[in-house]
Amino acid sequence: MFWHNFKFAFKTLIKNRELIFWTLAFPFILALLFNLAFARLHDYDVFEAFDIAIVNDESYQNAIGIKSAYSALSEGDEKIFNIKYASREDADKMLENEEIEGYVYIADGQIHVAVKTNGTNQTVLATVSEQISQSVVMVEDIVATDIQRSGGQEINIPEIAAKAMKIVSEAEPNVKDESRVMNIVSIEFFTLVAMACMQGAMISSEMMDRSLPNITNRGKRVSIAPTRKSVIVGSNLLAGYLLLFVSVTLLILFTRFVLGIEYGSNIALMLLVAVVGSLTSTMMGMFLSVFLKAKSGAKQVIVLVVTMVGCLFAGMFGGMKNYFDEALPFVNKISPVGLITDGFYSLYYYDDISRYVVNIVSLLVIAAIFFALSVRSLRRNRYDSV
Amino acid sequence: MKNVIEVKHLTKSYKSNKAVDDLSFEVKEGEILGLLGPNGSGKTTTMNCILALLKFDEGKIKIFGEEMAPDAYETKAKIGVVFQEVAVFDELTVYGNIEYFCGLYIEDKTTRAQYVEDALKLVGLEENRNQYPKQLSGGLLRRLNIACGIAHKPKLIFLDEPTVAVDPQSRNNILEGIKKLRDDGATIIYTTHYMEEVEILCDRVIILDHGKIIASGTNDELKALAKIEEKVTVEVAELSPKQLGGFEKIKNVAEVSYENGVLKVVYGKGKNNLAEMIEYLKANRISYSRIFAERPTLNDVFLELTGKELRD
Numbered sequence: 000m001f002w003h004n005f006k007f008a009f010k011t012l013i014k015n016r017e018l019i020f021w022t023l024a025f026p027f028i029l030a031l032l033f034n035l036a037f038a039r040l041h042d043y044d045v046f047e048a049f050d051i052a053i054v055n056d057e058s059y060q061n062a063i064g065i066k067s068a069y070s071a072l073s074e075g076d077e078k079i080f081n082i083k084y085a086s087r088e089d090a091d092k093m094l095e096n097e098e099i100e101g102y103v104y105i106a107d108g109q110i111h112v113a114v115k116t117n118g119t120n121q122t123v124l125a126t127v128s129e130q131i132s133q134s135v136v137m138v139e140d141i142v143a144t145d146i147q148r149s150g151g152q153e154i155n156i157p158e159i160a161a162k163a164m165k166i167v168s169e170a171e172p173n174v175k176d177e178s179r180v181m182n183i184v185s186i187e188f189f190t191l192v193a194m195a196c197m198q199g200a201m202i203s204s205e206m207m208d209r210s211l212p213n214i215t216n217r218g219k220r221v222s223i224a225p226t227r228k229s230v231i232v233g234s235n236l237l238a239g240y241l242l243l244f245v246s247v248t249l250l251i252l253f254t255r256f257v258l259g260i261e262y263g264s265n266i267a268l269m270l271l272v273a274v275v276g277s278l279t280s281t282m283m284g285m286f287l288s289v290f291l292k293a294k295s296g297a298k299q300v301i302v303l304v305v306t307m308v309g310c311l312f313a314g315m316f317g318g319m320k321n322y323f324d325e326a327l328p329f330v331n332k333i334s335p336v337g338l339i340t341d342g343f344y345s346l347y348y349y350d351d352i353s354r355y356v357v358n359i360v361s362l363l364v365i366a367a368i369f370f371a372l373s374v375r376s377l378r379r380n381r382y383d384s385v
Numbered sequence: 000m001k002n003v004i005e006v007k008h009l010t011k012s013y014k015s016n017k018a019v020d021d022l023s024f025e026v027k028e029g030e031i032l033g034l035l036g037p038n039g040s041g042k043t044t045t046m047n048c049i050l051a052l053l054k055f056d057e058g059k060i061k062i063f064g065e066e067m068a069p070d071a072y073e074t075k076a077k078i079g080v081v082f083q084e085v086a087v088f089d090e091l092t093v094y095g096n097i098e099y100f101c102g103l104y105i106e107d108k109t110t111r112a113q114y115v116e117d118a119l120k121l122v123g124l125e126e127n128r129n130q131y132p133k134q135l136s137g138g139l140l141r142r143l144n145i146a147c148g149i150a151h152k153p154k155l156i157f158l159d160e161p162t163v164a165v166d167p168q169s170r171n172n173i174l175e176g177i178k179k180l181r182d183d184g185a186t187i188i189y190t191t192h193y194m195e196e197v198e199i200l201c202d203r204v205i206i207l208d209h210g211k212i213i214a215s216g217t218n219d220e221l222k223a224l225a226k227i228e229e230k231v232t233v234e235v236a237e238l239s240p241k242q243l244g245g246f247e248k249i250k251n252v253a254e255v256s257y258e259n260g261v262l263k264v265v266y267g268k269g270k271n272n273l274a275e276m277i278e279y280l281k282a283n284r285i286s287y288s289r290i291f292a293e294r295p296t297l298n299d300v301f302l303e304l305t306g307k308e309l310r311d
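Those protein sequences? They're chains Z and V, same order as listed.
Numbering-wise, numbering that gives the first Met the number 0 puts 320 at position 321 of the first sequence, and it's gapless, one number per residue.
Numbering-wise, numbering that gives the first Met the number 0 puts 201 at position 202 of the second sequence, and it's gapless, one number per residue.
Do not rely on the hints blindly, as some may be mistaken.
To be verified - Just a few of them, taken from the derived set where beta-carbon distance is under 7 Å, the chain V residues facing chain Z:
#1 M46
#2 N47
#3 G58
#4 P69
#5 A76
#6 V80
#7 F82
#8 E84
#9 F88
#10 E90
#11 G102
#12 L103
#13 Y279
#14 K281
What the hints assert, rightly or not - One side of the interface only, derived from the structure: several residues of chain Z facing chain V at Cβ under 7 Å:
#15 H3
#16 F7
#17 T11
#18 E17
#19 P212
#20 K219
#21 R220
#22 I223
#23 P225
#24 T226
#25 S229
#26 G233
#27 S376
#28 R378
#29 N380
#30 R381
I should point out that these hints are in silico values taken from the structure, not numbers from a laboratory.
Ideal Cβ placement from N, Cα and C applies to all residues, glycine included.
With the rest of the complex left out, here is chain Z:
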């Protein structure tokens, strides 16, 4: 019975033109449009340095590593920033008067970026600042660990300095090489894949709707059949999940190998994001269907809105990921779109997969919560109204 239902569920899904368009075709179309839109960015031979301000207070003066990093990025032929040093008030005024693209200040040992508008330069400033921040944290960790290990013995300063230099030099290409503009483009595509994943909630919501007697007439018909609800729901969701996973995988492969978007070198981990992202999306659709007694069109709109807002926070539409990470840090930590995007982002930017693992585990936790709540509700056998 499971495979009978699975077969027909899959068959009806791939023939549902509206659903197929929004969940499968639309992301491919967007990918092509993004590629056209960002093609010009690839053609930039020279990246022009832009004006920023740094709040030159005591905190900045004490942050030696940060200070030297910004200094390095404002010198030479490949400089990124033209830096003006100012007080916080003056920096605010310059930003207000649009004399600078943004400014940087240090508070509690962390780099903070202030921007007024949303654009490529602002994103470059935010991206670079985050990388500086990451590098400084890593250097501090290593120094602290080495000092601790020395256990009161003489500290090998040249060795620690060498390690720190290595980290800084390895981090440098990310902010200095010619792919820096491409990095912003990558985020757009990462959010696009995340969007494709989450739009899949429309599929699972539709698949659940047809299993529930209080939502659809087909649900009534299925519910009076001598087939367990778990079999119907399970086979329907599996059909939806497989279709979504295949489509997201194809989108990743298309953007990677046809459009040339970089995801990092580990293809298995890249595809694992698709596996887990599609699962989270499927569970979200299940949850929506179970708890929202509305027509499927209304649910599709909700999925679309949730996804697009998630995309905005995750960096689509102009690359504001870092801005939102700073302004509303919790949003991208609980938004599946943010987590999927960050999963790809961390694969691409960092060799260490700890941040990637956090994203994957967070997605699995969200999926588990959606699943548990849905199952709890589904276990009721009769309905108040149908």
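Following the hints, put chain V in place on chain Z, whose structure we already have.
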């Protein structure tokens, strides 16, 4: 005959509104039981409670001697339901839809294929097998809806207003199909607000209003409740008040009304009422264009019991 369904003291409320109020009845094996009542009388709610789709406040429901429950899979396997709303997949053909729903009951592919063919034949959709639901007319779509509900050859069939918004040809086809299902041994619960269908099809009728049984019995038993023997209708261009008063004095006449040139005379009892009326009209030199007599309908029963029309 065995009871296929036993409903005892079924009560179901939606907030403060009692949709079904202490309903008790049985359905005998092999009969067609009509649940008749106006919209909102509780017919569909009763059916959904019996099918274990709806929670209910009180009562016991047994089907084939077993208490009905959502996980009573053996019982469910013997039941077929045709819901009021069409419930098919637009993405599947006529054949595909029937095959899918039949497949939820019948695992063996060969048997299933034969059952699908039988269902197509029963509802007269053999030539439409490769069409999609959107290519079908309203009547054909209703037939498909029926085929999806009964293809697995259930022993007990619930039909919830299957002929709503159906053309006369499809309606006849559907009614013939239902008779055939009964002839093949199925027990049928038929809910409708079309009294004509109940009179044609049903062996026994339960009339519901506001969730309560207001009458039950065979067609003849129910009609006896209407206290009407015959209704004679006469098309008369003009009648004076004196002439109209004369009709009320005719033997066995219970009620007389005259409106828009139509005279309606209701006889409480008696035979040869039509012939006597013709004699009366001739004797009193009242000219008329048309005259006919009718037996009481279930609507008259409903009117007698509730004071309102069945379709109000």
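Item to check | Hints violated by the structure (numbers, ascending) | outcome: 1, 3, 13, 14, 18, 25, 26, 27 and 28
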